[in-house]
Every structure is written in structure tokens, then in C-alpha cells.
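Asker: Residue numbers (the numbering used here), protein chains in the order written: chain A, 1 to 394; chain B, 1 to 394.
Watch out, some of these pointers could steer you wrong.
Identical chains blur together in the list; that is why a pair holds if it fits in one copy or across any two.
What the hints assert, rightly or not - Heads up, simulated DSSO-like pairs for lysine-lysine below, C-alpha to C-alpha not over 30 Å straight-line:
{"id": "1", "residue 1": "211", "residue 2": "80"}
{"id": "2", "residue 1": "382", "residue 2": "29"}
{"id": "3", "residue 1": "382", "residue 2": "80"}
{"id": "4", "residue 1": "29", "residue 2": "128"}
{"id": "5", "residue 1": "80", "residue 2": "128"}
{"id": "6", "residue 1": "29", "residue 2": "80"}
Read the hints as simulated data drawn from the structure, not as lab findings.
Protein chains: 2
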Amino acid sequence: MPDIRPTPFHQRPVFPRGFHCASRNVGLKPTARDLTLFVSDVDAAAAAVFTRNHFPGAPIILGRETIRGGKLRAIIANSKVSNVATGALGVENARRMAEAAATELRTTSNRVLVSSTGVIGVPLPIEKIERGIAGIAGDLQDDPMVGAEGIMTTDTHPKALSASVGAATITWVAKGSGMIEPNMATMLAYIFTDAAFDAPTLDGMLRRAVKESFNTLSVDTDTSTSDTCAILANGLAGHVDQAAFYETLLAGCVRMCETLARDGEGATRLIRVTVRGALNETEAQVVAKSIVNSPLIKTMVHGADPNVGRLLMAIGKCFDCIIRPERTDAWINAFQVVRNGERLAFDDAVVRETLSRDVVDLDVSLGVGEGNAHAFGCDLTKGYVEENAAYYSS
Amino acid sequence: MPDIRPTPFHQRPVFPRGFHCASRNVGLKPTARDLTLFVSDVDAAAAAVFTRNHFPGAPIILGRETIRGGKLRAIIANSKVSNVATGALGVENARRMAEAAATELRTTSNRVLVSSTGVIGVPLPIEKIERGIAGIAGDLQDDPMVGAEGIMTTDTHPKALSASVGAATITWVAKGSGMIEPNMATMLAYIFTDAAFDAPTLDGMLRRAVKESFNTLSVDTDTSTSDTCAILANGLAGHVDQAAFYETLLAGCVRMCETLARDGEGATRLIRVTVRGALNETEAQVVAKSIVNSPLIKTMVHGADPNVGRLLMAIGKCFDCIIRPERTDAWINAFQVVRNGERLAFDDAVVRETLSRDVVDLDVSLGVGEGNAHAFGCDLTKGYVEENAAYYSS
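If we strip away everything but chain A, and leave its shape as in the complex, we get:
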């Protein structure tokens, strides 16, 4: 895991000065909240990273254009329909969504980031959304959980965190539990702060933190077409030490990853993989992802089945990495199970017990070089199959 100091997150998440949110049901889902607005009292410096999927949703296409300005007042997001693979009409609908929010907030549409999440390839019900945006500013309040609830799809609970750094606050709000092997960011993650930074500085910090956190997360190897991670800094708390800010930013992103992985579709366990001693960082990442994504590792953890030879299988299938079987060691929750490429003779009951914990740490030492990496994931369960065999239909 990244080397971060324990961070005292707030008992209950709060917003930084000047940020508020609202969420509503506008008829995309039967009754749950499906439209969310996050807003800052003043323009905020902003940065964002988006999915690398070749079929980015219309909001991503628009968002890349919007974020170039480096300034945001608001984020407007809907769930249920992702507005992906919807062609020129999709982009037009994303623009209408930004304009409706800008009108409601008396700002301009180039200050509004749009997100949509849900089924791919279905037209966005833009009229319902426009009607829903009208008057939503009247609902604005100060609990980030209300916004977190409005962006949920298959998440079982809303996800928000906050922490203090100097005089400032950082707040993370995210959603996502399936189609998650983010490659630039997870499904949707918004970070708000009242610290003062300019957009290029925010951008640099966001990219570094995302690489160490969200980009090490995989629920199911599938990369969403809607991944977005944005940060807004409205400066109302003034200057904050950058190193301290970055440390807290990273800690919150890592904590949010763990929260997302634990709530992976059908998941019952958090899996944290650490690989040390690979040829370089890239090879360490490949091995860590191979382990965290292996269905046979994921089911082994789910069943607390001490079938630890599967660790070697998952390391060994990284064909293009340098692996020295005779130097390969592995531990489960700090209990050594493999030494020099051979499975140790251990008491099955001990491994069964440790594999049945809420958090399963899989540590591997390759003994090849200095490359280290980590990855977050979860177990594979019947719940995942059930949820995804009828996602569109339900």
C-alpha cells in the first residue's frame, strides 16, 4: 500500500466552505434520487481526468472541452442512463444538461461539468432532466451524503469522506461498484476543497494521486466508458501547504478506493495486493493487477479456501515480466505461504481463518529488482453474477 500516514477522516463527512449539493428523483429511476448538483458559491479552480476507453460517453467528450478552462462552478450528474454510444445527439443532450444547470445557477455552461452514469447506448431522457434541474438550486444543502446518494447505480451505500488539512477541508464523493478497472479515474469521483490552488497545480496533484489510488483499483477488469475524477478548489480557506495537502489528498483517494472495492458488485471482502521487488514499477503493477483480477484468486478469497498455489499461477501468467520462481515469496495477512517458489507446509486451518477476514492482504516479493506496486480489489461472488446477468432488464 502507498506509504501514507494515518489520516484522521471526519466522523461524518462535511463540505469545505462554500460547497453545497442537492439531489432529486426526476423519473429516470422509479423512486430513488437520480439527479445531483454539486455547486461552489464562487468559481473554483478545477482539474479532471477521464476514462481512456475508446468509446467515451458524451459527457466525457464535453467534459474534456469544459475542463480546458480550468474553472468550474458546478457538477450536474444523473444516474440510470450513461449517455454513451449515443452519437451526435448524445453530445447535444450533454450540452443541454450543462446549459440547464448554468441557467439555474446564473452562470455559464462552460463552468458546469456534466456526468451521466448507467446503461450504455440508451438515449438520455433530456426533457425529464431539464424539468428536474429547474428549481433544484432551492434544494441545496450541506450534507455531501445527499449528493453521494444521487449518483449511485449498483452501489449499496452512498460514499463520501472528508478530512482537514491546515485551515482547509477536502471532501471526496464517489460512486462505482462494477465495470471498474479505471484507467485514468474510477466511475465518478468528485473532490472538493476550499484550499487555494491554481488549475495546473491541481491537475498535477490529481494525476499523481489518481495513479497511486483509483488506477490501482479493479472490481472486474472492465473499464467504464464514463470514468471521471474531478477536483474543485474554491480557495475560500486560502493558502495551504502543498505537501501536506497532497498527502491528505492521496490518503482520501486511497481510502475511497478501499470503500469502492469493498462495495464492489456482490463483494464481501476487500483484497489488497502489494508486490515488491519486481524488475520495475510497471512490472510490479502488471503482477499486482494479475493477482487482484484473477477469478481463481477472487473465488479462493471468497470461499476462504487455502488454495494458495493459485498465487503462483497468477504471478506466473505475467508472461512478459521477469519472474524467478526460486526467489518468489508470498504472504496472506503477513502469514508466509510461499517461499522460494514452493508452497510451504502450513496448517490449512490457519490460512482458512485469515482468508475469512474482512480485509485480505496478499503480499508478494519477487526478488528481482526494486519495483513496487499495489492494487485494490474484491472477491468474486454469486452476487456479482446475479447483479450483472440482469442489469439492463432490472
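Following the hints, position chain B against chain A.
Answerer: Showing chain B alone in chain A's frame:
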């Protein structure tokens, strides 16, 4: 799918001239057959390909040495324990297994290929196997299904096929249903023929055929440490036209892939993916594997859920491939669902019906270049999770 003429496989598989097999329970499993012998009356020219996993089992280490001679009389295989990650003692045990079979058949151990399949990292019960090999030659008989049964692990049925080519016969015997994304060959596949070819010619044909067949198969993205595909040609039927032989060889390997995929752990459906128009063959393979391995595609097929946008997600996450969304088309069982990167407005019921068939063909046209590839796989079900959450313990 590869362009092969329909091949008339025999109604019931038979062996080529001079091949026989036997299988027994020797106490590795409670009652099922767990030891198998395949034998040719005379030395056969032979070739084999093995797993690329960095932790090859002891039988693979030995087999690479044995196959250099280009001649085999027999294959001896056990199930339940794979003799992988067992160090020097494992290799010694594999040698003892070859020697026991050589003694039983009055040949030399460098004419015997050894295979072991089952749990990784557990010592091979070599004494039980040696006792079991003694006298097994007395059980030799002519039904390949008896041998196929003896090498099963989680397979739900034994797998054997045969076909005629000229005066010769080709017979395929295989096992495998999990830890299958072979990279040189599937778990265990043995091919026997009475056609006359020398070892280098066999080797060339085997590598070509495996590339087009077993290496396009994936049940669960996990590459076994025991993958072995061997071909034995004892020449008793004399010369056969090489082009005709190769065509039949490939057809049988493809058919065996389909059989293995259909019997993938927990699987209820065969998925066949064809990608056309990629930049080159390598990129076509990457996209085909991305689709066939996507848990969200696999569960969509399992639930017959017309959530076809997931096809675009799985294509789009091939970050390093050239993808032109506006030229991307897709079909399910020849019914077009995506045109120019957009999901078509179709009747959900039609797609639901076609997705619920036994065989689901997913065809993608990328419109970028001339690269084509195919891949075989299966749906992801609760049965897979159930089987693999307690494989070691059961």
C-alpha cells in the same frame, strides 16, 4: 471462426491403429479414475507445446526434456494433484512416474510423457501412483473415452473426438474447464494418429493448429501451470496428404476448443467471438480476448440481458489498439446491434431470444484494417463461483 470445411467426426470416437489406453483409481480421488495410460504399439514421432506460465509444473519441466527426442511410446497422466510448485522433489517424482510406466511397458523413460493435473503446491503421492502403474498394461483397451475419463478434474464429462483423413485416423483426447486461458495449449490435450510424419513436421503443424484453436480459448483468463498439448504419430497407416491432414487436425482442435468452452466451469453457453478489420492480427486477438474475457459480457450472455453497450465498453478498453468508434459495427448471432459505434434501436425481445441460445456468436467489425481473429469462451455463472470457492477443500 477459422475458415475450415465441415469435418465428419466419427459418431463415437475410436483410436487410430496401434493406440490403446487404460485408466484406474489409485486412491488420489475417493473412487473416480485418477490415473491414465495412453500407449502406442510402436514408437511414435511426437511433438508437444507447453504452458508459458513462469511456474511450470514438474511434468512440464521433464516433458520439455523428453519431447526433444521427438519420439514417444506412451503418456502417463494423473489427476487430483498437479505436482506444481513442489521443487526438486516434484521433478524427481515426475521422473519416477515416467520410469514406472517405462518399466510396465518395457520401454525407456525418455519415451514416456508425464502429465499431472489438479491442485497446485501439494506433494505428489508417488507411491500410490507407482503401485497403480504396476499391472495397468493388462487393462489396455480401445475406447478413448476411458482415457478421457481418467484425466478429468472439474470436467463434467470426458472429452474425445476422432476423424478420418485418407487411410489414417486422428483422435483428440482432452480435459479442462477452469484455469483456462492457455498460452501454448489447453490444460491437457493429446492427439493420436496413425499417419506417418516426422517429428519436425508434426511440431510445425501442431504449433499452427494450437495458435488457431486452443490459444484462442479462455474460460477465466487464468493460465494453468500444467498446460500440455502433445501429438503422437505412429505411422501405422502410412503416408497421408499433409494439407488434408492439417485441415482435419485444425478442425478437430477447434471442435475440441468448443467442447472445452461449453464445459467451462459452471458454463451454460458457448461464446464465439469474431473480430474483423482490426489494424492487424495481433490487435484483432487483443479485442477478441477482451470481449470473450469481460465479466460483464459473460454475465450479459448468461442472463440473456440485451445490454449490448457492454460490447463497446469491452472493445474500447483495448487502450493500445486503434479503434474508430464511427466505424465500429457489431452483431449477435448475425443480428446487428451496433452500427458506426452507436447502439441500434432494436426490439429487446429479439436480442433476448438470440442471447439465450446455446451458442452465442459475437461478431465485431472495426473497419480499421485487415486483421481478423476469433476467440472461444463461455458465460460466467454462479456455478463458477461455487466450484472455485471450495476447490481445494472439496
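Asker: Indicate, hint by hint, whether the structure satisfies it.
Answerer: Now the hints, each set against the structure:
Taking the shortest Cα distances, residue 211 and residue 80 sit within 30 Å of each other inside one copy (28 Å), while across copies they are farther apart (42 Å). For a Cα distance limit of 30 Å, the shortest separation of residue 382 from residue 29 qualifies both inside one copy, at 25 Å, and across copies, at 27 Å. In the homo-oligomer, the alpha carbons of residue 382 and residue 80 lie at most 30 Å apart both inside one protomer (23 Å) and across protomers (25 Å), since each shortest distance falls under that limit. Within a single copy, residue 29 and residue 128 get their C-alpha atoms as close as 11 Å, which meets the 30 Å cut-off; across copies the closest is 62 Å, which misses it.
In the homo-oligomer, the alpha carbons of residue 80 and residue 128 lie at most 30 Å apart inside one protomer (13 Å), although the nearest pairing across protomers, at 59 Å, exceeds that limit. Taking the closest pair of Cα atoms, residue 29 and residue 80 come within 30 Å of each other only inside a single copy of the chain (7 Å); across copies the shortest separation is 50 Å, beyond that limit.
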